[in-house]
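Hey, can you work out the whole structure from these sequences and the hints?
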Amino acid sequence: MKQLGEEFKKICAEIIRGTHFKKNYTTKVYVDQEASSETFSELMSKKLYREACTLISRLEQTAVETTVTMFQELAFDMWETVEKALNGDQSLCVHLKSVADCLQWVKEESDHEDAQWSPKSWDNTLEELISKHIREQVLTHEYKRKAKMNLKRHLEILEGNTLRNINKNKSLLGDLFIVYLECLSVCMLQHLSSLAKEDLNYEESVLLYRWGIEEHWRQVFCLKESNAFDALFNKWLNDTASKIISTGKKTIYTARREMLEEEMKWNIQQEPGPECNFNGLLKEAMDVLKAVEDLGDKLVSDVRGVFLDEVLQFLKRYNTFLEAKVERSDSGKQLCVPLRIVKNCQILRNTLEDVGDTLRVKSTLYLEIINIIHEIEDRGIKLFSATLKLTFKKPFKNYFTDNIKFKDVLQELQNSIEHAGIQNNKIVIKTELCVIVGLYIQAFFNYSNKIEGTSKAEAFMNGSKPLQNFFQSLVSDEVKRKDPLQYIINILNSQDSKSLETTIAFFSNDHQDLREEHLNAILKIKGNISFTEKKRLVYFIKHRKSDHQEDKLFFFRDIKVKPFCPWCCVS
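Here the sequence shown is numbered in the numbering used here, starting from 4 and rising by one per residue.
These are calculated hints, taken from the structure and not from any lab test.
A couple of the hints might just be wrong.
The following label-pair restraints were derived from C-beta to C-beta distances [claimed, not checked]:
id, residue 1, residue 2, range
1, K410, T367, 43 to 53 Å
2, S366, K563, 41 to 51 Å
3, Q140, K200, 18 to 28 Å
4, K87, K200, 32 to 42 Å
5, R560, K459, 16 to 26 Å
6, N353, T323, 18 to 28 Å
7, K453, T257, 57 to 67 Å
8, K563, K268, 34 to 44 Å
9, R260, D561, 37 to 47 Å
10, R560, E415, 20 to 30 Å
11, S249, K392, 40 to 50 Å
12, K410, L315, 37 to 47 Å
13, N401, K268, 31 to 41 Å
Computed list of lysine-lysine pairs in DSS-like fashion (alpha-carbon distance at most 25 Å, straight line) [unchecked claim]:
id, residue 1, residue 2
14, K123, K100
15, K468, K483
16, K396, K429
17, K246, K200
18, K392, K410
19, K545, K501
20, K200, K253
21, K385, K268
22, K50, K173
23, K563, K537
24, K501, K485
25, K173, K100
For glycine and all other residues, C-beta sits at the position ideal for the given N, C-alpha and C.
Now the structure itself:
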């Protein structure tokens, strides 16, 4: 018995020195319970957890109940050490390497799979312990949107806590720091998932998504990539991206619904204000797009699809409303209605072109939207043209019949266009130029025989001056050169057949919509034109070369002339 005691002391000495019991050691040892307990206590006092596990493992064959108690005691002491170290007891931090070594021994040596007290569960216990500490030290603030908490502020606090605890524990935890980071990643992902389940608006959803990506990269910087964690994080990204898309759709839908209601209300009331053009809708939509423009092509493409779909639905309803309500009413009597339609289309087109250029994509949906905008704009221009005819028809008649000036009407038109903010819109300028000049010429044809107190040529010229001045700064030099008013003035004032012939030749070439009856009417008003000369002058219209320019101006297309005998131009 004395000999066995000596052998046991030798074994314990080897364990304390970190040496391993040789597997070919064949001497059968019966360990004294009291002696093993003393050795275990000595190892525990020095917090040599791996060596204690080795001792317990060798005792299992002869004292199973004792070893269970020892494992439990070892685990309790080990977790107490970890917990105190996490809470700032630096004197215990030196023993955390022993904890890590012990856990490594469990992975390599222990075969206790089923027992509740098994060391195989220690990894989970350590993770639970560290996770509990993380929830207490990092996830200190609970977020509740219903309580009107500020998500941005919450994330700022969370980031500060995270960085502070990472920096503190990096030196304290030593070999356990990698476990700490893994637990932090899991806890953070759980917290982000709970935040994503809140009733967040679009801006908050994007903020959370962006912050989650940044936090992920902060952890990847410290922690080697984990395929398992990345799979969980990617799922969170996909779920949060889906929420971004749904909240973005809701944001744009709400904006377009309110915008359409305001626009319908404005058109029905037909009052000058308030200003509620499409800027509000497009600001919301562009904010939605810009919020994610740096968050990956997939998310940008998905949000862009939502944006375009909502804009398309809006335009379809707006176009239907214009067709049903605006065109079938007498709203054309007010210039503000068609000008507003054109302005809205200008805003839409400019913004959508910016979107297309930014994303370098012109999808089928995008092109469909552009086509509807053209359709709505054409509707607005058609209404604008009809309104101009209602506005200027009577003033031009009064000018030729009663010599009443129409300068005030031009000024009112200019004020309306400037108020709408489309004074530089080329389509508007082209429309008002062609319609107003055409109406003026039409009135001259209709009422030239009513002119009194001055010659017809002088009356036409005097009335043309305010029109020419009105368009002076709006049209190009090329348009000014082809001014039909000036051509008619030159014809009326022409004193010789050669200059008249030259003027008509250029006139007919520059204005392809000038018809024979128009020239006949001008020549009749001028008078003193023989039938032979008239026939020779009309030749220039019959035999002029066709001009296929796309951006042509049509002044005479809608001008109608009362039928008259071709001989009547001779006087």
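Check your understanding: Given the proposed pairing of K396 with K429, does the C-alpha separation stay at or below 25 Å?
Key -> holds (23 Å)
Exercise for review: Quickly compare the C-alpha distance for K50 and K173 to 25 Å and report which way the hint goes.
Suggested key: The given pair, whose Cα atoms are some 21 Å apart, holds under the 25 Å limit.
Practice item. With 43 to 53 Å as the target window, see if K410 and T367 comply at their CB atoms. Key: Since the Cβ atoms of K410 and T367 sit about 50 Å apart, the hinted range of 43 to 53 Å holds.
**Study point:** C-beta pair N401, K268: status relative to the range 31 to 41 Å that was hinted
**Key:** The hint (31 to 41 Å, Cβ to Cβ) holds, given that N401 and K268 are roughly 36 Å apart.
Check your understanding: Taking only the CA atoms, is the gap from K173 to K100 under or equal to 25 Å?
Key -> holds (13 Å)
Review point. Is it true that K87 and K200 lie within 32 to 42 Å of each other by Cβ?
Key: Holds - the Cβ-Cβ distance for K87 and K200, about 35 Å, lies within 32 to 42 Å.
Check your understanding: Keeping to a limit of 25 Å between CA atoms, is the pair of K545 and K501 held or broken?
Key -> Given that 25 Å is the threshold and the Cα spacing comes to 19 Å, the pair holds.
**Study point:** Assessment of proposed distance window 16 to 26 Å (beta carbons of R560, K459)
**Key:** Cβ of R560 to Cβ of K459: about 24 Å, so the range 16 to 26 Å holds.
**Study point:** K563 paired with K268, Cβ distance criterion 34 to 44 Å
**Key:** With a Cβ separation near 39 Å, K563 and K268 satisfy 34 to 44 Å, so the hint holds.
Check your understanding: So the hint says 18 to 28 Å: do the beta-carbon atoms of Q140 and K200 match that?
Key -> holds (23 Å)
Point to revise | Whether the CB-CB distance between S366 and K563 falls inside 41 to 51 Å | key: holds (45 Å)
Exercise for review: For the pair supplied as a hint, K501 and K485, confirm whether the alpha-carbon distance does not exceed 25 Å.
Suggested key: Cα-Cα ~20 Å, so holds.
When each numbered hint is compared with the structure, no violation occurs for any of them.
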